[in-house]
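Engineer: First to last, the sequence lines map onto chains A and B.
Note that the working numbering numbers the first sequence so that position 61 is 61, with each residue one more than the last.
Note that the working numbering numbers the second sequence so that position 348 is 348, with each residue one more than the last.
Because the hints were derived from the structure by calculation, they are not lab data.
Just to be clear, a hint being listed does not mean it is correct.
Because identical chains cannot be distinguished in the list, a pair is counted as satisfied if it fits within a single copy or across any two copies.
EDC-like cross-link-like pairs, simulated, lysine to aspartate or glutamate; straight-line CA separation at most 20 Å [claimed, not checked]: (1) 113 - 278; (2) 265 - 47; (3) 265 - 171; (4) 450 - 339; (5) 463 - 47; (6) 112 - 139; (7) 463 - 45; (8) 328 - 156; (9) 117 - 276; (10) 404 - 232; (11) 463 - 42; (12) 463 - 41; (13) 463 - 40; (14) 484 - 497; (15) 332 - 317; (16) 112 - 123; (17) 501 - 47; (18) 19 - 493; (19) 484 - 78; (20) 117 - 278; (21) 265 - 72; (22) 83 - 158; (23) 61 - 84; (24) 44 - 264; (25) 83 - 28.
Given next are the chains, with one letter for each unit.
2 protein chains.
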Amino acid sequence: MVEYNEKQVKKVDVWRLKKYLVKAKVLDISAGKNIIVLNDDEAKEHDIYSGFRTELTIKNKKLVAIVDVGHESIRPGEVGIYKDMAANNGIKKGDSIEILHLNQPASISYIKKKLDKGTLNDEEIHTIVREIMEDKLSEIETSAWITAAYINGLSDDEIISLTHATMESGEKLNLGKKPIVDKHCIGGVAGNRTTMVVVPIIAAAGIYIPKTSSRSITSAAGTADTVEVLADVTFNIDELKEIVLKSKGAMVWGGGMKLAPVDDKLIRVRHPLSLDPEGMLLASILGKKKSVGAQYVLIDIPVGRGVKIPYVERGNELAKHFLRVGEKLGLKIEVIITDGAEPVGNGIGPGLECLDVLDVLGGDGPDDLRHKSSLMAGKILEMCGKVPVGKGYKVAEDLITNGKALSKFREIIELQGGNKNFKRTDIPIGKYTHTIIADVSGSIFHIDNKTMAKIARIAGSPKDKGAGVLLHRIRGDRVERGDKLFTIYAESEAKLDFAIKALADLEPIEMRKMLLGSIR
Amino acid sequence: MVEYNEKQVKKVDVWRLKKYLVKAKVLDISAGKNIIVLNDDEAKEHDIYSGFRTELTIKNKKLVAIVDVGHESIRPGEVGIYKDMAANNGIKKGDSIEILHLNQPASISYIKKKLDKGTLNDEEIHTIVREIMEDKLSEIETSAWITAAYINGLSDDEIISLTHATMESGEKLNLGKKPIVDKHCIGGVAGNRTTMVVVPIIAAAGIYIPKTSSRSITSAAGTADTVEVLADVTFNIDELKEIVLKSKGAMVWGGGMKLAPVDDKLIRVRHPLSLDPEGMLLASILGKKKSVGAQYVLIDIPVGRGVKIPYVERGNELAKHFLRVGEKLGLKIEVIITDGAEPVGNGIGPGLECLDVLDVLGGDGPDDLRHKSSLMAGKILEMCGKVPVGKGYKVAEDLITNGKALSKFREIIELQGGNKNFKRTDIPIGKYTHTIIADVSGSIFHIDNKTMAKIARIAGSPKDKGAGVLLHRIRGDRVERGDKLFTIYAESEAKLDFAIKALADLEPIEMRKMLLGSIR
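Hey, can you work out the whole structure from these sequences and the hints?
Structural biologist: Now the structure itself:
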């Protein structure tokens, strides 16, 4: 339509034209990622704002960095370079750096589409995940993505795409063996260390179970924290492969390898509002299971007061969603709905939970943990066809009774760098203790997962392996005034004092009451 | 329920117990707000994460600071203190500082409620606004709030509460006079400097119009940028009062005073996704109008291709929403829907737009700007009862023709620190120019607001007051091959070149085409 006075100009991206030249100023601060600090006014003039991605050209080398502004010490014509970034790239004070505002990530319009209740296609979902992995999205944008998925939901097809994208964001375990099974618990139940019982049972039965677990975020201990009492849990994917090929089972920390790493990037953004959109939950769990090559997956959905899923009905819905999406992903899934209203096992905290596990593997231990673990192991053995339906529980129990599960457990501990001949007395248990006594007689109506976790954390869990809470009684128990209810363990007197003081505001155990209120 | 071995312990907030002592390390970086840097592992141990708020005790003085982590240079036992924070509070290297994790802001649960499609009450909305003002919410949380308001919407009562909270977040103008009128344009139209014509007309008619305007964010110029060509625009609320009491009108930058400052805090979060939830838009605009004491407000909703409101029907809905909420707020509102598909006036960029305004006030100038300004001024005069309905337009036109508007304009410019005897030739206009010529004959079908703004910005607007685009033809004009279409102005040859190069990818003017596509 228009005719130029000049010769034909080259086709260019107009926003890439806004580059400008500044001198480096190395800052005495490190971030572990590329951050540059620009002068506020100067950045605005170039349409660059905090959180934007820029491309830097320094001595013909190109780098991508996130922009920060508003630091008063950066004058126009300067760019502040974080110390580690300067060191890693040989940038010195006074070096000329060209700043180029990168285009808006493509994801922005896809996130906007989801905000407007649209449905994203496979490529759009993959682009969002890729750009999150490339650090191209700010926390503001990522928060909008999660919020939109939370409110507007994700379709089954979107979840399938997200699962594949999540999987492709990281590494894969290629065992070259079959069948491979896995398990996952939705979480929120204190204690509940079934993995450490189920994995040795399944592996002892000759089935591959390369189990990766998480560390605690808000609980008293994650499985990884508890295994760590006896062995290492941080391994890369090749080391995991070696362990599993030898022993058939492993109990490692998922964060040690790059399985579905996009998830780790989202946790920081999901955490403040505890936002866990169902579609993202499914994609995250199933993406990790597919990443380790699992064909059979048992999902445990605990329901009850204070856990993520409050009612059985809601648990059933979620279970159906797992089955539907799992089928499309080529996964054979079974879901169990379990009572999650109270802690499972007696210990809460890494060392105390570890004792429960050893007791169960020794043929004793808390009834609930032993029963739940055998139930789960049995289901898995039935699912993958190892034993006929209806026989799994018995086979699992037998593997405990005949000592094969415990010796498999010792074998895995050794392969993970621990001492296979550990004794019960090797488990660290805090030497500062305080026991809470019933001041009324009655029956126990409720033991609160979150409150118990809070007490254990204040006492030092999971960092202090010996810190935590040991329950002497469980729900439904009849207690008399003066009976012991639970004991707090800590590794320092100060932390024990904190935990005791905290009790003043907390009600970890509720007794049954007849009168629930009076209205007049 | 429990009985303590110790004496009765004091009621304490359990999360407040997790305090710890560290030594200050002053960092060579400033942020203009309180930021501390903690060692990553140590912070985690105390349940403190990036973005959390902490209370610091330093020599018995308490401060609130935002936490950053992950800087490799901070070791356990140390806290990094930004240079300005250290200077402002007399913190020296090695000072002992007690770190205390503050409770989660109350807003978090209210935001969660909105995410779950709940309705917030007045107190909940006020709490969110207050905590945003107190910097207690992170960008992640604020982004979730805006996203939730965008997807789930805000009820009229929520908008009323938000308007009051927005208003209360800042200062108020108490003129002690009546009537006070105001106007607002939803924006997106290039040029369109009606405020600079309407304000002097209204003030010349003896009506108070303390108009605050914004600067450009993505456009070529905001009203504040354009007024600044002739006068200062940054005044505090007392100075604004003085100007308006003298001349009845003012044309100042809203950002210069603390009117509804919560809005400024949200812009950074809304900008990346261009999220502008309707309820927040209403609360923001009406909160500002109430803050200056306006009783009568004229709202201009431009509709058309490329502006915020694409269709008249959508404009009507928004207009009704304004009237409904305005009535509950005790504001008399009138809304006009205008054609916003093309720029209003010939100039795009501060200096060029200023010339249009001066020409219109001189009785000449672009027809569209003159007509729209008289229409708006007339409506306002009718709304507040100054002139009978149906006479406003004529009265407004007369105030231009008899020179009273222009002399009022000069008076306001002088009160705002400018030279009242400015001449047309005083306006800075870039000396580097490039004119685009039609390469076909035909009629002009569309002139694109956003594309023209982009060209003007690449040429240097709004920072370079003389940079911009001057349109020689408007929509519907018949042009012959070789006719001038528009001229780009820049203050440097390099910026002009950037703008010319950018044209290769842009289509700022579309000619009418008969064949729109062929499918086979």
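Engineer: Next, verify each hint and record whether it holds.
Structural biologist: Hints versus structure:
1. Proximity of residue 113 to residue 278 under the C-alpha cut-off of 20 Å is found in both arrangements, the shortest distances being 19 Å within a copy and 17 Å between copies.
2. In this assembly of identical chains, residue 265 and residue 47 lie within 20 Å of each other by CA distance solely across copies; the values are 18 Å between and 27 Å within a copy.
3. Taking the shortest Cα distances, residue 265 and residue 171 sit within 20 Å of each other inside one copy (15 Å), while across copies they are farther apart (40 Å).
4. For the identical chains of this complex, residue 450 and residue 339 are intra-copy neighbours only, at 15 Å inside a copy versus 58 Å across copies, given an alpha-carbon limit of 20 Å.
5. Within a single copy, residue 463 and residue 47 get their C-alpha atoms only as close as 45 Å, which misses the 20 Å cut-off; across copies the closest is 11 Å, which meets it.
6. Within a single copy, residue 112 and residue 139 get their C-alpha atoms as close as 15 Å, and across copies as close as 18 Å, so both meet the 20 Å cut-off.
7. In the homo-oligomer, the alpha carbons of residue 463 and residue 45 lie at most 20 Å apart only across protomers (7 Å), although the nearest pairing inside one protomer, at 48 Å, exceeds that limit.
8. In the homo-oligomer, the alpha carbons of residue 328 and residue 156 lie at most 20 Å apart inside one protomer (9 Å), although the nearest pairing across protomers, at 44 Å, exceeds that limit.
9. In this homomeric assembly, residue 117 and residue 276 come within 20 Å of each other (Cα to Cα) both inside a single copy, at 18 Å, and across copies, at 16 Å.
10. In this homomeric assembly, residue 404 and residue 232 never come within 20 Å of each other (Cα to Cα): the closest approach is 22 Å inside a single copy and 85 Å across copies.
11. In the homo-oligomer, the alpha carbons of residue 463 and residue 42 lie at most 20 Å apart only across protomers (10 Å), although the nearest pairing inside one protomer, at 45 Å, exceeds that limit.
12. For a Cα distance limit of 20 Å, the shortest separation of residue 463 from residue 41 across copies, 10 Å, qualifies, whereas the shortest one inside one copy, 45 Å, does not.
13. In this assembly of identical chains, the alpha carbons of residue 463 and residue 40 lie at most 20 Å apart only when taken from different copies (14 Å versus 41 Å within one copy).
14. In the homo-oligomer, the alpha carbons of residue 484 and residue 497 lie at most 20 Å apart inside one protomer (19 Å), although the nearest pairing across protomers, at 83 Å, exceeds that limit.
15. Taking the shortest Cα distances, residue 332 and residue 317 sit within 20 Å of each other inside one copy (17 Å), while across copies they are farther apart (51 Å).
16. In this assembly of identical chains, residue 112 and residue 123 lie within 20 Å of each other by CA distance solely inside one copy; the values are 15 Å within and 30 Å between copies.
17. In the homo-oligomer, the alpha carbons of residue 501 and residue 47 lie at most 20 Å apart only across protomers (18 Å), although the nearest pairing inside one protomer, at 53 Å, exceeds that limit.
18. Proximity of residue 19 to residue 493 under the C-alpha cut-off of 20 Å is restricted to the inter-copy arrangement: shortest distance 15 Å between copies versus 59 Å within a copy.
19. Taking the closest pair of Cα atoms, residue 484 and residue 78 never come within 20 Å of each other, the shortest separation being 66 Å inside a single copy and 41 Å across copies.
20. Taking CA atoms no more than 20 Å apart as the test, residue 117 paired with residue 278 passes in both settings, with 16 Å inside one copy and 16 Å between copies.
21. In this assembly of identical chains, the alpha carbons of residue 265 and residue 72 lie at most 20 Å apart only when taken from different copies (19 Å versus 30 Å within one copy).
22. For the identical chains of this complex, residue 83 and residue 158 are neighbours neither inside a copy (41 Å) nor across copies (47 Å), given an alpha-carbon limit of 20 Å.
23. In this assembly of identical chains, residue 61 and residue 84 lie within 20 Å of each other by CA distance solely inside one copy; the values are 17 Å within and 33 Å between copies.
24. In this homomeric assembly, residue 44 and residue 264 come within 20 Å of each other (Cα to Cα) only across copies, at 15 Å, whereas the closest approach inside a single copy is 32 Å.
25. In this assembly of identical chains, the alpha carbons of residue 83 and residue 28 lie at most 20 Å apart whether taken from the same copy (6 Å) or from different copies (11 Å).
Comparing the model with each numbered hint stated earlier shows that hints 10, 19, 22 do not hold.
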